[in-house]
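Protein chains in written order, with UniProt numbering: chain A, 1 to 320; chain B, 1 to 589; chain C, 1 to 83.
Since the hints were derived computationally from the structure, they do not count as laboratory data.
All the pointers check out, no bait thrown in.
Subject to a maximum C-alpha distance of 25 Å in a straight line, what follows is the list of computed SDA-like cross-link-like pairs (lysine to any residue):
hint, chain 1, residue 1, chain 2, residue 2
1, A, Lys224, B, Asp122
2, B, Lys117, A, Arg250
3, A, Lys224, A, Gly196
4, C, Lys29, A, Leu12
5, C, Lys24, A, Pro53
6, B, Lys153, C, Thr67
7, B, Lys41, A, Phe6
FRET-style restraints, in silico, Cβ to Cβ:
hint, chain 1, residue 1, chain 2, residue 2, range
8, A, Asp11, B, Arg548, 49 to 55 Å
9, A, Arg203, B, Pro558, 54 to 60 Å
10, A, Ala235, B, Asn273, 33 to 39 Å
11, A, Gly87, B, Leu3, 30 to 36 Å
12, A, Gly87, B, Asn273, 43 to 49 Å
13, A, Asp11, B, Ala419, 33 to 39 Å
14, B, Pro302, A, Ala235, 37 to 43 Å
15, A, Thr300, B, Glu407, 54 to 60 Å
16, B, Gly87, A, Asp238, 42 to 48 Å
17, B, Gln443, A, Pro55, 47 to 53 Å
18, B, Arg450, A, Asp11, 46 to 52 Å
19, A, Gly87, B, Gln35, 33 to 39 Å
Only part of the chain A face toward chain C is listed, based on derived beta-carbon distances under 10 Å:
hint, residue
20, Arg26
21, Leu32
22, Gly56
23, Gln60
Positions of the beta carbon are idealized from the N, C-alpha and C atoms, including for glycine.
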Amino acid sequence: MTADLFEDDVDLAALAEDLQSDDPQRRRVSVLALSDSGDPEASKLLLSVVRDPDPGVRRQVALGLGTFGGPGDAEGLVALLRDADPGVSQAAAEGLCEIKDADAAPVLVAGLTDASPFVRASLLRGLKELRSALALGPALQALQDEDTEVRIQAVGVIGYLKREDAVPALQAAARDPDPHVRRTAISALGFSRLAGGVATLVRGLADNAWSVREAAAEALGYTKVEGFDPAPLVAALDDAFWQVRLKAVRSLAQLGVREAAPHIARNLDHPEPNLRKEAANGLGHLAHPDTRDILNQAATDPDADVRKNARWALSRLGAA
Amino acid sequence: MALDQLIDGTSEISCDVLVLGGGTAGPMAALKAKQKNPKSKVILLEKANVKRSGAISMGMDGLNNAVIPGHATPEQYVREITIANDGIVDQKPVLKYAERCYSVIEELDRFGIKFQKTENGDFAVKKVHHLGAYVLPMPNGDTVKKALYRQLKRAQLLISNRYMATRLLKGSDGRIAGAIAVNTRTGQFLIIRAKAIILCMGAAGRLGLPASGYLFGTYENAANSGDGYAMAYHAGAKLANLECFQINPLIKDYNGPACAYVAGPFGAYTANNEGNRFIDCDYWSGQMMLEFYTELQSGKGPVFLKLNHLHDSTISEIEDILHKVERPSRGKFHEQRGTDYRAEMIEMHISEIGFCSGHSASGVFVDEFARTTVEGLYAAGDMASVPHSYMLGAFTNGMIAGEHAVEYAAGVSLADIDAEEVTRECERVLAPTKRERGIPPNQIEYKTRRLVNDYLQPPKVPRKYQLAQQRFAEVREDLEQGMLARNAHELLRALEASSILDCADMAAAASLFRTESRWGLYHLRTDYTDRNDADWFCHTLVGKTDGRMTVEKREVQPYVVPIADDEKDLYYRQRTRQADDVAATRIAT
Amino acid sequence: MKVYDRMPLATSYTIVPVEVDDAKCIADKGCTVCVDVCPLDVLRISEITQKAYMAYDECWYCMPCQTDCPTDAVTVNIPYLLK
Numbered sequence: 001m002t003a004d005l006f007e008d009d010v011d012l013a014a015l016a017e018d019l020q021s022d023d024p025q026r027r028r029v030s031v032l033a034l035s036d037s038g039d040p041e042a043s044k045l046l047l048s049v050v051r052d053p054d055p056g057v058r059r060q061v062a063l064g065l066g067t068f069g070g071p072g073d074a075e076g077l078v079a080l081l082r083d084a085d086p087g088v089s090q091a092a093a094e095g096l097c098e099i100k101d102a103d104a105a106p107v108l109v110a111g112l113t114d115a116s117p118f119v120r121a122s123l124l125r126g127l128k129e130l131r132s133a134l135a136l137g138p139a140l141q142a143l144q145d146e147d148t149e150v151r152i153q154a155v156g157v158i159g160y161l162k163r164e165d166a167v168p169a170l171q172a173a174a175r176d177p178d179p180h181v182r183r184t185a186i187s188a189l190g191f192s193r194l195a196g197g198v199a200t201l202v203r204g205l206a207d208n209a210w211s212v213r214e215a216a217a218e219a220l221g222y223t224k225v226e227g228f229d230p231a232p233l234v235a236a237l238d239d240a241f242w243q244v245r246l247k248a249v250r251s252l253a254q255l256g257v258r259e260a261a262p263h264i265a266r267n268l269d270h271p272e273p274n275l276r277k278e279a280a281n282g283l284g285h286l287a288h289p290d291t292r293d294i295l296n297q298a299a300t301d302p303d304a305d306v307r308k309n310a311r312w313a314l315s316r317l318g319a320a
Numbered sequence: 001m002a003l004d005q006l007i008d009g010t011s012e013i014s015c016d017v018l019v020l021g022g023g024t025a026g027p028m029a030a031l032k033a034k035q036k037n038p039k040s041k042v043i044l045l046e047k048a049n050v051k052r053s054g055a056i057s058m059g060m061d062g063l064n065n066a067v068i069p070g071h072a073t074p075e076q077y078v079r080e081i082t083i084a085n086d087g088i089v090d091q092k093p094v095l096k097y098a099e100r101c102y103s104v105i106e107e108l109d110r111f112g113i114k115f116q117k118t119e120n121g122d123f124a125v126k127k128v129h130h131l132g133a134y135v136l137p138m139p140n141g142d143t144v145k146k147a148l149y150r151q152l153k154r155a156q157l158l159i160s161n162r163y164m165a166t167r168l169l170k171g172s173d174g175r176i177a178g179a180i181a182v183n184t185r186t187g188q189f190l191i192i193r194a195k196a197i198i199l200c201m202g203a204a205g206r207l208g209l210p211a212s213g214y215l216f217g218t219y220e221n222a223a224n225s226g227d228g229y230a231m232a233y234h235a236g237a238k239l240a241n242l243e244c245f246q247i248n249p250l251i252k253d254y255n256g257p258a259c260a261y262v263a264g265p266f267g268a269y270t271a272n273n274e275g276n277r278f279i280d281c282d283y284w285s286g287q288m289m290l291e292f293y294t295e296l297q298s299g300k301g302p303v304f305l306k307l308n309h310l311h312d313s314t315i316s317e318i319e320d321i322l323h324k325v326e327r328p329s330r331g332k333f334h335e336q337r338g339t340d341y342r343a344e345m346i347e348m349h350i351s352e353i354g355f356c357s358g359h360s361a362s363g364v365f366v367d368e369f370a371r372t373t374v375e376g377l378y379a380a381g382d383m384a385s386v387p388h389s390y391m392l393g394a395f396t397n398g399m400i401a402g403e404h405a406v407e408y409a410a411g412v413s414l415a416d417i418d419a420e421e422v423t424r425e426c427e428r429v430l431a432p433t434k435r436e437r438g439i440p441p442n443q444i445e446y447k448t449r450r451l452v453n454d455y456l457q458p459p460k461v462p463r464k465y466q467l468a469q470q471r472f473a474e475v476r477e478d479l480e481q482g483m484l485a486r487n488a489h490e491l492l493r494a495l496e497a498s499s500i501l502d503c504a505d506m507a508a509a510a511s512l513f514r515t516e517s518r519w520g521l522y523h524l525r526t527d528y529t530d531r532n533d534a535d536w537f538c539h540t541l542v543g544k545t546d547g548r549m550t551v552e553k554r555e556v557q558p559y560v561v562p563i564a565d566d567e568k569d570l571y572y573r574q575r576t577r578q579a580d581d582v583a584a585t586r587i588a589t
Numbered sequence: 001m002k003v004y005d006r007m008p009l010a011t012s013y014t015i016v017p018v019e020v021d022d023a024k025c026i027a028d029k030g031c032t033v034c035v036d037v038c039p040l041d042v043l044r045i046s047e048i049t050q051k052a053y054m055a056y057d058e059c060w061y062c063m064p065c066q067t068d069c070p071t072d073a074v075t076v077n078i079p080y081l082l083k
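So here's chain A without its partners, still in its complex pose (with noise of 0.2 Å):
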């Protein structure tokens, strides 16, 4: 009686059976009933159908795989990665993302020479989350490819592995010709503390790319560096793009450059409201005496955000 009150378990010879059925819509059905019975003799199974001549049956293979954990799911989307189809190999470079098991790293290294730009890219966005050192080797080595986005997760690897040994690599992709790179690999760089590395940074600020730009203003406020001039990240603040404006002044906050004060107050004045709140905000944490009359001001900005901004900046003012 009470047998069909749970999730039944499954008939795994029937479904074994409904695997080699002539109908690719029977197949498919029975791919759904093992990805869904979580028993690991079901992901036996599902490897032994990743060269399905459906593609529908391979696509729900791809998606099904995952489920199970151990490596044997890693190799089967390693597998369907390289299907000609489109559907299917999506399917399977999502998978590769959701894995976190580290024992699959070499399966996906070992996939890295594939003639495929699309293969490689995945397999690398797969073994960022792994963080395996088994990656860093091949991830440098990915930073030379032709195509755009392997560099781009390659950059991605490198920056997960946070090894200052790694650092001068990420320098040389921030010079990279395409601005998504670069983008990445200045952002990849927050976490150095080498001199170098701040260079790298403070170049990125002068990036005919806004977004890189932004980047660049945004890591120079984790920089740890002694002696850091932050001259270039207060002239960031008159830069054409309100975005990298605001992400200046968070840093030149955060670092604690009160000598930028003025600098900043000035943008209290621009259009953009976000901007005007960072403003605001940074003031705040610089409390600079000679900002006290712009604030005054900013505290009857039309948006309640800066007000409010301001009010805190203001009483932080009187405080000190």
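Assemble the complex: chain A is given as a structure, and chains B and C must be docked to it using the hints.
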């Protein structure tokens, strides 16, 4: 065979820990109970299917309250939650959540749930609030349920789908003894005896009626009809601060979340018709909703979500998240209307009322071990009283409940159940199926919820509340004596209608009891417009005594994280400054 | 006897948001994905066509039925009242 034909039948099983509700807190509770004691028998029961049930059915686009080392401290978080709840907080459960939630984030990360990370692989926490940084986006949050389901499968948990629990059973010694459930497709009964039960049945999100008139077009998952609140009530558990309603900002007509929290870190914000921000308070709270409501009613309304000042690539990034994760039909809604985030602001509104501790504070009263006031009965997630807990709170408190419940179960035997009580309940459940003619459940539900909108929606007017109580009593008579369910599916809706009516009655009773205003819009009374700390610095508890609804006061536990006077003052000053605006609104309404 | 015990029942028509493409649906081969994942339990397999359909107009337009359908047979439309 006719659709969802009713079948006679009753099964009985027993277990150590029974988890009711397979959304967010429930799966985590079951998983943790099983992990802590692999020999224990743990059953997870769900009215829908665990694969895609609960508030996060489709996914979640971010954590709103992640306390991550280096970005916020547990003490700082407890202070903010205390202030945002006007001080009516038992801090211990909040502190416990804050201390344990980071380990849950790490575990969810290992499950394969994707959180936004920096290029160095650290969690990319965003600062939205004035003080701490608590927001962690989940750009691929559509995989939450899938990842969770995989873990349940790996642990080979006993999952029973399509069973709706209707009532809890207690032993003669007052301990929890089990639950009665009914199959939503056949009407067959399942009696489950259990040493401990964890209620994880979600918000009461089908309480108010969306303006579209569409019963299921609610802000919350419409399956969250407050069944857990009703069951806890009938079992004699106390329910805390139910007058602290949930009201949310949303996209008008679509009635789904606006996700300003997601778009905020990118530079988007909630603006009035002049394009300016107007919200002055820091943490999501009733105060924030009052500011929202005030602006809506003023000449500066309506309220909009503003993104059109952002860079094209930034907007694309936001659209990617908002239209794929959590409520993806939102993209379809905008598409149909031709709304372009680049060109125009998106009209927002506020939601119908509900109970949900996930966003406010109304829930079954629990302590720091997720224990309710009934021995052996636990509660977690949106229906338990830990305030502002959101999805991460459901996971974390579910974990706490699961671990404690399985330990408790190991030390007790099954309590006896009363066969007569079981018979009575089965008769109550099946009553709507025994009639030839009668009122469809959806009309009982519509009427209840229409009355909720007419009379209970804040600002709260006592005379309206009394009228509501009279009308609810009339509807209750109709429900008990005239409701008709022709098949198992209609029976499911009939039972939900009964939960909804119970919640409506509790909302009215709790609101009338607290004769002051508190929590901004959530409990804004027209006759007692001010906060009164002298008489009302306390919880209110709704309960059932001798078959009648009662409301009582309960002291707030002494704070474990002191709130400095200047912190309080800062907040109170904000309040005072806005008092004029609020007063103007009251006159206007 | 109360008045509603005498009042006759009627069936009125409605348009439902969930649309199933019968040509793509493989419910006849044993698939029940959309029916399983619906939190409101409003989908069924037709005994006549053996294909999935929306049996009850009680949709939250949450979309797991569309997202999880293995053959892309399901489309969720925004209900008219919300549009």
